[in-house]
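A.B. asks: Each chain, written out:
Number of protein chains: 2
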Amino acid sequence: MRRKTRRETIDPAEVYGGRSVLITGGLGFIGSSLAHRLVELGAVVDLVDAMVPNCGGNPFNIDRIRDRVGVHIADIDDREMTETMVRGRDFIFDLVGHVSHIDSLTDPQLDLRINCRCPLVLLEACRKHNPSAAVLFAGTRGQYGRTVKLPVTESHPLRPIDVNGVNKLASEMHHLLYHRLYGLRVCSLRLTNTFGPRHIMKHSRQGFLNWFIRLAMDDETLPVYGEGSQLRDFNYVDDVVEAMLLALAGEETSGRAFNLGGGRAVSLLDSARAVVAACGSGRIQHVPYPPEKQAIEVGDYWADHGLFTSVTGWQPVVPFEEGLRRTVAFYRDHREHYWGPGHDPAV
Amino acid sequence: MRRKTRRETIDPAEVYGGRSVLITGGLGFIGSSLAHRLVELGAVVDLVDAMVPNCGGNPFNIDRIRDRVGVHIADIDDREMTETMVRGRDFIFDLVGHVSHIDSLTDPQLDLRINCRCPLVLLEACRKHNPSAAVLFAGTRGQYGRTVKLPVTESHPLRPIDVNGVNKLASEMHHLLYHRLYGLRVCSLRLTNTFGPRHIMKHSRQGFLNWFIRLAMDDETLPVYGEGSQLRDFNYVDDVVEAMLLALAGEETSGRAFNLGGGRAVSLLDSARAVVAACGSGRIQHVPYPPEKQAIEVGDYWADHGLFTSVTGWQPVVPFEEGLRRTVAFYRDHREHYWGPGHDPAV
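These protein sequence lines map, in sequence, to chains W and X.
Residue numbers for the first sequence follow the numbering used here, so the first one is -17 and each next one is one higher.
Residue numbers for the second sequence follow the numbering used here, so the first one is -17 and each next one is one higher.
Be aware that one or more of the hints could be misleading.
If several chains are the same, the list does not tell them apart, and a pair holds so long as it fits within one copy or across any two.
The calculated BS3-like cross-link candidates involving lysine-lysine, where the alpha carbons are at most 30 Å apart (straight line), are [what the hints assert, rightly or not]: (1) 110 - 184; (2) 275 - 110; (3) 184 - 275; (4) 131 - 184; (5) 110 - 131; (6) 131 - 275.
These are calculated hints, taken from the structure and not from any lab test.
Construct the entire structure; sequences and hints are all you get.
C.D. replies: Here is the structure:
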């Protein structure tokens, strides 16, 4: 007899239906995708987003659910506002941040504020005003730095090689401390390259894959650094959303950090080829590695998500190529809200 | 033939004489002690201190050298001021911070600002306006968290168990990144329990030893938690000052982190006994561990400083008991500037 996995025994509608949920960074890529799913599950959803330029917040991301969520344009750094916002919530998905590795070097203070200070304001607010809330922290593969062993498990050394990775690591440590010291229910998921609809498309600094999709859709040239043999691990956003729901559904994830992953490693070159195939346009050109990117290149990355699977039953279910297909279809329908003529450059 | 150590071959007066030195936290315990030594060596010394209450800044700390140093009451968080201050410096000792473990839990935002944000402002200022300066970062044993192997070497796991330790670890990582990415000359020394003259004496939250000295000098009772068998590693401040001078004297320390240590472990109970003996007054009482301190107790700590010794020749030369004797003598002469009647409580 097959062992029942968590996914089969936990019904997200039962966990989240009618419950109060706060999503920070709620107008961003993952936050807004999560919001759609939670609305579908019958949760009472509030979104807060500071709409920091170039971070991914986009009003169109919640176009379909605008009448069914509360929207608050505000900064988590505003302590009083945040204290008010956390009160009475059952679940808090803290998806502020996730700015780019390159940006974290050009403006390290902003990265520290968004990725370290804001989450600490939220944790303090929870400790003081809602210690029973469950809080999800979005970690990153960047916390590991250069990989020394593949696939990467949670016990891999944590030696980030850019400011963003350092700040994310510190923030995850703050979260786990708040669990240990104050009993807050927190869980960290260390995300790998997440892609899909609602991603920012106006610049390339939040991951190359969505940028490649834009270039290919515009029938332009996809620049592949070097031979493109570096391995990456991709997660389609819907799989990440399901992981986040499972992460806060039970107690056994509390005070722990888990890897997410797509279950397979894809080379940069192969990912570019798959994008061109999915779009039916665009072409690939090999170019030399830009020195500023070489310095923060982590080498191959491939996550072992076995620990999270063993605890929650989660599995990525959308194959890479299928995720690409859905992503391209979304942007074909809604391109004007993300780039090109008609796109509001302020978004 | 005995191998020559670094300390024998490097003359600090030759390295620092006539050179421009900036000390942040310059009116504090270690900063002001370092300032005295640098003035003696003929350096041109500027001190900057925000005089954040309860952090240790005390004008009397530089009473003897007031006419031979520049003093700037300012906050490193003020980016423009900091950019101005770093220009033209040969050496920068960044001794802002070092607030208490307990305080870091009651005001984690302040700890993050002082221990993480301010040093990052300084690093950015150096990168942009003085990339050839040598920068010292004061790390802490708190970066290791609960010790799993004694004595602790630099390869011990870094798993801090309080907010202060997390923030210090993140800041050290920022420093080492700035070396790797931009070639800044940075060195981190992970300090253990440093004690001596000029330490803040008005509260017990920056280490228990100086507090014990105050209590014993006032013929009061020294509370020893539990049996007092926990091991600690003490460094007299003059030894720490010499270590800092050596840390920036050469290139081979650049981009690296080193432990300091006193070379021997002393139990809390034995340290209390030594304080009572040095003062000729006071008494010891065993008391239960306060729960808020138990939660952030790291267990025994004893540093292996062999790596730093092998690179620089540094050795602690002031025995624990001799350090206590000098410390007590200092406070006997200057008590009114640190506590009790006549002490300005604003300091």
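A.B. asks: Each hint should be assessed against the structure and marked as holding or not.
C.D. replies: Structure-based check of all given hints:
Taking identical chains as interchangeable, the C-alpha atoms of residue 110 and residue 184 lie at most 30 Å apart only when they sit on different chains, with a minimum of 28 Å there against 39 Å within one chain. Taking the closest pair of Cα atoms, residue 275 and residue 110 come within 30 Å of each other only across two copies (19 Å); inside a single copy the shortest separation is 41 Å, beyond that limit. For the identical chains of this complex, residue 184 and residue 275 are intra-copy neighbours only, at 19 Å inside a copy versus 49 Å across copies, given an alpha-carbon limit of 30 Å. With identical chains, the CA atoms of residue 131 and residue 184 are never at most 30 Å apart, being 34 Å at best within one copy and 50 Å at best between copies.
In the homo-oligomer, the alpha carbons of residue 110 and residue 131 never lie at most 30 Å apart, since the shortest distance is 41 Å inside one protomer and 36 Å across protomers. Proximity of residue 131 and residue 275 under a CA criterion of 30 Å is satisfied intra-copy only: 22 Å inside one chain copy versus 38 Å between copies.
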